[in-house]
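A.B. asks: Letter by letter, the chains look like this.
There are 2 protein chains.
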Amino acid sequence: MSKKYDVIILGAGPAGLSAGVYTVRYGLSTLAIGKEPGGMASEATVVENYLGFSAITGAELTKRFEEHAKKAGVELLIYTNINSINKRGAGFEIETDKGRFSAKALIIALGKKKRKLQIPGEKELAGKGVSYCATCDAPLFKDKITAVIGGRNSAVTAALFLAKKCKKVYIVYRRDKLRSDLVLIERVRKEKKIEVVYDSVPISVNGKERVESLTIKRKDRKEELKLDGVFIEIGAVPSTELLTKNLKLKLDEEGCIVVKPSMATNVQGVFAAGDITNSSNKFDQIATAVGEGAVAANTVFRFLKNIKY
Amino acid sequence: MSKKYDVIILGAGPAGLSAGVYTVRYGLSTLAIGKEPGGMASEATVVENYLGFSAITGAELTKRFEEHAKKAGVELLIYTNINSINKRGAGFEIETDKGRFSAKALIIALGKKKRKLQIPGEKELAGKGVSYCATCDAPLFKDKITAVIGGRNSAVTAALFLAKKCKKVYIVYRRDKLRSDLVLIERVRKEKKIEVVYDSVPISVNGKERVESLTIKRKDRKEELKLDGVFIEIGAVPSTELLTKNLKLKLDEEGCIVVKPSMATNVQGVFAAGDITNSSNKFDQIATAVGEGAVAANTVFRFLKNIKY
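So the sequence lines, in the order shown, correspond to chains S and D.
Under the working numbering, the first residue of the first sequence carries the number 1, and numbering increases by one thereafter.
Under the working numbering, the first residue of the second sequence carries the number 1, and numbering increases by one thereafter.
None of these hints come from the bench; they were simulated from the model.
A hint or two may mislead.
Since the list gives no way to pick one copy over another, a pair counts as held whenever it fits inside one copy or between any two copies.
EDC-like mimics (lysine to aspartate or glutamate), calculated; alpha carbons at most 20 Å apart, straight line [to be verified]:
no.: 1; residue 1: Lys63; residue 2: Glu48
no.: 2; residue 1: Lys168; residue 2: Glu186
no.: 3; residue 1: Lys305; residue 2: Glu191
no.: 4; residue 1: Lys308; residue 2: Asp284
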């Protein structure tokens, strides 16, 4: 027998925990299942743009989110892998490595994962000069030298953002042309602090305590760029592996869950919030995740009480 | 000559301040103009559902929001009345009682205002026993009898707060059931000082110098409740008086600004966020306002840099 809840929230990041704070206030029994509390937000070196906290580490903010959710009455099952999501009658059953749980409604808030380079030094120097969030970490690189890996909008935007703080910013891109919007490319041209290194693939991030250099392969020739920070902006991917198999959730071309303004998905009883959705104009932030979680919770309440949503 | 900014944000509540934190991070000079910091959120007795703060007064949370925005670099012009919003060439000019200011883009985050009952005595006795803010005015009603008009979250929260100070608190509601969160309804049940008067509509507030009683119609029978204070908590209406005159902003049937997922309005260069919009499925919360502010700021940045949005 699986333990029964009104709502199971898949994911314990900002979207999931915000949703949970609301669902318990609506009197709905709520279980949130996640690999780790905080999701991608927990990795941020410093968060300065979630209103109310002018500067807080991702880890500390995550702790506050987790404490808030627990205090409100959300049951938290973290460090837990979800094996499958199954429709059962009018409800759903979740199989995890810690048991089975069932619910009348689901909120999917599994977030995204930053795509990794998967080169030596990347993992070892993460948080020590290797970053996946320019907006979060730029202030730490004032008057320093950095590189952004990638050549699409997110990478170029990150480089332009970094150029305001840094002494020099490389854009390291595997192609011979940036693939961002033309205006962005023009801005890069005008920004003397930025040097675009074309036809180049990162080979390793190097350094003892912190990042000291980046080795790249440029048209079959190895080069070493001396620098203090490496920003990896080669995209993030929605964590939707589990969702299409049994649920047949509608995803967009990037794999994000397509939601209505109510955060309802195409499957009755299944709602979604946060980076995994196509909502908030796809601006993936703690702020937008928290807002979407609130909306999803409100809609779940309406769904379960047969109120129009 | 008016002082020039990249962005002017109209409103200094959660949506406006969140937007400001983002716009300054994008390097855009930003002025936020508001009547008072925090907007309606500042009047909340206690906020328990904005992730990260398990219980905080609206006043304290507002202080944190304001400090965050200032520290980020938002110029704040508060306690200021906006007289008009005008299109000037490719930009906008704002006339206030503290001078003129111009900007290339606007973010409208003026929020909502508490709805009035529009019954005899309400206006005449405002500030003399009639109040729209329990947090602000509860201390004036120590050991007295008060009534809260309304039956949703804001009304029930106000009644619970007043019960800490008052001898007795009526909740006067037109329906036969409260429509607030279940946890709040349970707290009301346990609070012996609160009496819920269902199926009742206020007819007049009575008194010479100050409030002495409230006349209600209860299932077609008139009754008079002897009391000292009446707190009106029947919802809110968007503050859009200034917006349709010169800007021709598109509003929905409830007067909310119609926005796209990017928070763009129908007028080029004008964006909006928070309770005043039809976004977030019209779930007016601090959480959703903060999220919408972030999206609006991102879109303003893209608009000003000619990036597709």
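A.B. asks: For lysine 305 and glutamate 191, with the copy left unspecified, which applies at a CA distance of at most 20 Å: within, between, both, or neither?
C.D. replies: between (56 Å within a copy, 14 Å between copies)
A.B. asks: From the Cα coordinates, with 20 Å as the cut-off, is the pair lysine 168 and glutamate 186 best called within, between, both, or neither?
C.D. replies: Cα proximity of lysine 168 and glutamate 186: one copy only (17 Å, versus 59 Å across).
A.B. asks: At most 20 Å between CA atoms: does that hold for lysine 308 and aspartate 284 within a copy, between copies, both, or neither?
C.D. replies: between (28 Å within a copy, 17 Å between copies)
A.B. asks: Give the relationship of lysine 63 and glutamate 48 under a CA distance limit of 20 Å: within one copy only, between copies only, both, or neither.
C.D. replies: both (16 Å within a copy, 16 Å between copies)
Every hint, counting from the list given before, is met by this structure.
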